[in-house]
Each structure stands twice: as C-alpha cells, then as structure tokens.
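Undergrad: Sequence:
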Amino acid sequence: MVRRCQTVDLSPGYRELAPPRELRDVVACLWIRVHGTGDDVRILPDACSDVVWRQGTGTTIAGPDTSAKVVLGTPGAVLIGLRFQPGAGGGALGVPLDALRDLRVEAAEVDRAFDLAGDLAPAEVIGHFLEAAAGREPDELVAEAARRLRTQDVETVARELFISDRQLRRRFHTAVGYGPKTLARVLRFRRFVDAIDDGRADLAALAFDIGYADQAHLTREATRLAGLSPAAFVRDRTSVPFKT
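Under the working numbering, the sequence shown has 157 at position 157, and the numbering climbs by one with no breaks.
Mixed in with the good hints there might be a few duds.
Quick list of simulated restraints, FRET-style, between CB atoms [claimed, not checked]: (1) D236 to Q167: 19 to 29 Å; (2) E106 to P20: 40 to 50 Å; (3) L17 to R150: 35 to 45 Å; (4) A231 to G56: 36 to 46 Å; (5) D9 to A113: 21 to 31 Å; (6) A108 to T7: 25 to 35 Å; (7) G227 to R191: 14 to 24 Å; (8) Q167 to A205: 22 to 32 Å; (9) G56 to D153: 39 to 49 Å; (10) L72 to D209: 15 to 25 Å; (11) T66 to E22: 24 to 34 Å.
Restricting the straight-line Cα-Cα distance to at most 20 Å, the calculated cross-link-like pairs of lysine to any residue (SDA-like) are [claimed, not checked]: (12) K69 to R166; (13) K69 to D198; (14) K69 to R185; (15) K181 to A132; (16) K181 to R166.
Hint data in this document are derived by calculation from the structure and do not stem from the laboratory.
Computed from a predicted structure; not experimentally measured.
Quick reminder that beta carbons are idealized off the backbone N, C-alpha and C, glycines included.
From just these sequences and the hints, can you work out the full model?
TA: This is the structure:
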C-alpha cells in the first residue's frame with residue numbers, strides 16, 4: 001500500500017521527495033516548486049517525463065525534452081510533479097512517448113488516472129499521484145539499457161542485452177521518447193550539470209573527464225541542450241532556478 005503524504009512544505013523554492021521503495025523502479029521522485037518573485041525556471045533535458053499539477057489549473061503531462069525551455073514563473077504559483085525514471089514513462093503512461101516529445105498536453109488526453117482538479121490540497125495531489133503510479137510497469141529491457149548507458153556506449157549495451165540496434169531504437173522511442181544515442185547525449189550532459197553543481201570550474205578538464213571529445217564538443221552540446229555556452233551556463237546556474 002502506498003503511504004499518503006500528510007504535510008507539504010510550500011515555502012518558495014524547489015525540492016524533491018523520494019518515492020516509496022515499491023515505486024522506485026518507475027518513479028524517480030516527486031517534486032514541489034513554489035515560485036517566488038521573478039522566479040523564471042530553465043528546464044533542462046533530463047531523460048524523464050513528468051506529470052505536473054498546477055494549483056488552480058490542473059494536471060498536464062510533460063513529455064521528454066530535447067532542448068531547454070525557460071518557463072516564466074508566477075509569484076506564489078504552486079506546482080507538484082511526479083517524475084518517471086528514464087525509460088519508465090512510456091510503459092507507465094501506456095502511450096508511445098515519442099508522440100509527446102517536447103510537448104505539454106492535458107493529462108486527460110493521456111491518462112485519466114493522473115487528471116486532477118486544480119483545487120485539491122497539495123498533500124492530496126501527492127497521494128493521488130502515488131496511488132495512480134502504483135502497479136505501473138516499465139519496459140524492463142529499456143530501463144536496464146538506460147541504466148547501462150550512463151557508463152557504456154549504445155553498441156555495447158545492445159550487444160550485451162542481445163537486441164539489435166534497430167529493435168533497441170524502436171523500443172526506446174516508445175518508452176523514452178527518443179533513441180538511445182539521444183539518451184546517452186542527455187545523460188552525459190547531466191553529468192556536466194552535476195559536476196558544475198559540485199563546484200568544478202575547469203571546463204577543458206571537465207569536458208574530457210565526462211566523455212566529450214574536447215571543449216568544443218562540450219560547447220556544441222551545451223548550446224543544443226541548454227541553449228547556453230558552458231561558460232554562460234555556469235554563470236546562469238547560480239542565478240536562475242533549474243529543474244534538476
């Protein structure tokens with residue numbers, strides 16, 4: 001049985017909550033964002049899809065992103081999200097995620113179990129999200145491939161999982177929203193984001209350590225995925241809230 005949330009911290013900012021243990025194969029986290037004044041948010045690709053409830057409005061499904069989006073925050077706005085694990089969204093929602101790539105759609109059009117009214121209490125929203133996610137199953141092969149792509153290349157992963165590149169691409173488009181090579185790019189960029197958050201600043205050394213061919217390669221990928229050069233990203237990271 002999924003435990004219900006009793007209280008929710010609604011102070012301004014962004015915070016994540018770990019899901020119950022029985023949901024961790026499907027749910028990466030729950031998250032809460034309460035916008036402050038002038039609180040615009042740069043949403044980075046993260047290989048995930050989300051169910052997002054906005055107080056006063058209702059619920060949308062956020063498909064997997066392939067580039068950054070800057071969302072203008074309304075002071076006092078409350079958003080609560082359930083983020084699926086990389087590779088779990090398609091199976092959990094029962095729809096091919098490539099149809100939702102880079103899109104935001106009403107939850108009622110995708111999965112009515114996640115379609116919640118905007119006047120619920122935040123604790124109720126979290127409880128409903130957890131109950132709706134219970135019993136959902138990811139594509140286990142894609143989920144395993146997604147885990148391995150954090151440290152291995154696509155060809156090695158396909159060979160070790162005894163699946164052809166073509167079959168792997170097809171299943172990724174359904175479960176993740178795009179192919180395994182795009183996922184590998186996104187995961188590599190997230191390693192760059194994590195390193196910056198840990199205080200690393202030598203971009204040339206960082207590019208090499210993370211797996212980019214050189215700093216120019218990092219620059220191209222950062223521009224495509226974050227909409228900023230690495231140097232601008234580092235500056236902006238300290239002043240603009242991000243979805244992480």
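Undergrad: All the hints need checking, so say for each whether the structure fits it.
TA: Going down the list of hints, with the structure as the test:
Checked against the hint of 19 to 29 Å, the C-beta distance between D236 and Q167 comes to roughly 39 Å, which is inconsistent with it. Taken as a hint, the range 40 to 50 Å is violated for the pair E106 and P20, whose Cβ atoms sit roughly 27 Å apart. Range check, L17 to R150: about 23 Å between beta-carbon atoms, so the 35 to 45 Å window is missed. About 39 Å separates the C-beta atoms of A231 and G56, a value consistent with the hinted range of 36 to 46 Å.
In this structure, D9 and A113 meet the distance hint of 21 to 31 Å, their C-beta atoms being roughly 26 Å apart. Restraint check, A108 to T7: a C-beta distance of roughly 28 Å satisfies the suggested window 25 to 35 Å. Judged by the Cβ atoms, the range 14 to 24 Å given for G227 and R191 holds: they are separated by roughly 18 Å. At roughly 38 Å, the beta-carbon separation of Q167 and A205 lies outside the given 22 to 32 Å, and the hint is violated.
Hint check: G56 to D153, Cβ distance near 46 Å, so the stated range 39 to 49 Å holds. Checked against the given bound of 15 to 25 Å, the beta carbons of L72 and D209, roughly 35 Å apart, lie outside it. Restraint check, T66 to E22: a C-beta distance of roughly 31 Å satisfies the suggested window 24 to 34 Å. Only pairs whose Cα atoms come within 20 Å are accepted, and K69 paired with R166 is rejected, the gap being roughly 30 Å.
In summary, the hint linking K69 to D198 is not supported, as the alpha carbons are separated by about 23 Å, beyond the 20 Å threshold. Distance restraint check for K69 and R185: the Cα-Cα separation of roughly 17 Å lies within the 20 Å cut-off, and the hinted pair is therefore satisfied. Taking the CA atoms of K181 and A132, the gap is about 31 Å. The hint is violated against a cut of 20 Å. For the proposed pair K181 and R166, the alpha carbon gap of about 12 Å is at most 20 Å, so the pair holds.
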